[in-house]
Amino acid sequence: MIEHDVAVACATCESSIDRCEFCEEPGCRVPICYQCLGEALGQAMTHPHLHGG
Amino acid sequence: MFDYEDGKLDWLAAGLPSEGTNAQRPRAGDLARTDVPTCRLDERLGDVRDRARGAGWDACVVLNEERVVFGLLRSKELEASPDLRIEEAMRPGPSTFRPFVSIEEMAAFMMEHDLDSSPITTSDGRLVGLLRREDAAKAALELHEREHHSNGGQT
Numbered sequence: 001m002i003e004h005d006v007a008v009a010c011a012t013c014e015s016s017i018d019r020c021e022f023c024e025e026p027g028c029r030v031p032i033c034y035q036c037l038g039e040a041l042g043q044a045m046t047h048p049h050l051h052g053g
Numbered sequence: 001m002f003d004y005e006d007g008k009l010d011w012l013a014a015g016l017p018s019e020g021t022n023a024q025r026p027r028a029g030d031l032a033r034t035d036v037p038t039c040r041l042d043e044r045l046g047d048v049r050d051r052a053r054g055a056g057w058d059a060c061v062v063l064n065e066e067r068v069v070f071g072l073l074r075s076k077e078l079e080a081s082p083d084l085r086i087e088e089a090m091r092p093g094p095s096t097f098r099p100f101v102s103i104e105e106m107a108a109f110m111m112e113h114d115l116d117s118s119p120i121t122t123s124d125g126r127l128v129g130l131l132r133r134e135d136a137a138k139a140a141l142e143l144h145e146r147e148h149h150s151n152g153g154q155t
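These protein sequence lines are chains S and V, in that order. Residue numbers for the first sequence follow the numbering used here, so the first one is 1 and each next one is one higher. Residue numbers for the second sequence follow the numbering used here, so the first one is 1 and each next one is one higher.
Since the hints were derived computationally from the structure, they do not count as laboratory data. Note that CB positions come from ideal geometry on N, CA and C, so glycine has one too.
Residues from chain S shown here face chain V by an in silico Cβ test under 7 Å; the list is partial:
| # | residue |
| --- | --- |
| 1 | E21 |
| 2 | C23 |
| 3 | Q43 |
Work out the full structure: start from the sequences and follow the hints.
See the structure below:
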């Protein structure tokens, strides 16, 4: 039998994800997507302002 | 003088030194245990489990020859059949975190998600160490208490 991940919603932005990017546990109570996790931990670069600075 | 072309974030992600007020605050890379057991894909789980537990660990990081993280064995994976090869037993492509991430953020996430340990890697995936929840939580608490006292008890 093939196991399929059950889609869940990111607790921060509500986008549909296969699993929590932090703990990778299917039953995570507070799943978070890759982008929100990157921003929460400061691992992602935010887009620069168009006017610079 | 030279420009580091990959940028400040990549410099910090490689665990290289930094200056300034924030450089004094503990980060994930400062507390990641570098003595975490490691293994290769083609090893036997029973051998790796004995080695990890013999060293007092309940986790092992799977690396290639260049120390790039391929997988992770936490207590659940270490419990599987001892005859499995590591590549069959491991949790492949685990989420990894950069050394510059604030220890308070990591501690909060690890407690909220009930996660015992998290691999810390450079931006090109090479292992820095394994951050344990108890180390992260203790450092975050000490930092909070130090800052609370330096503010005269005001938060």
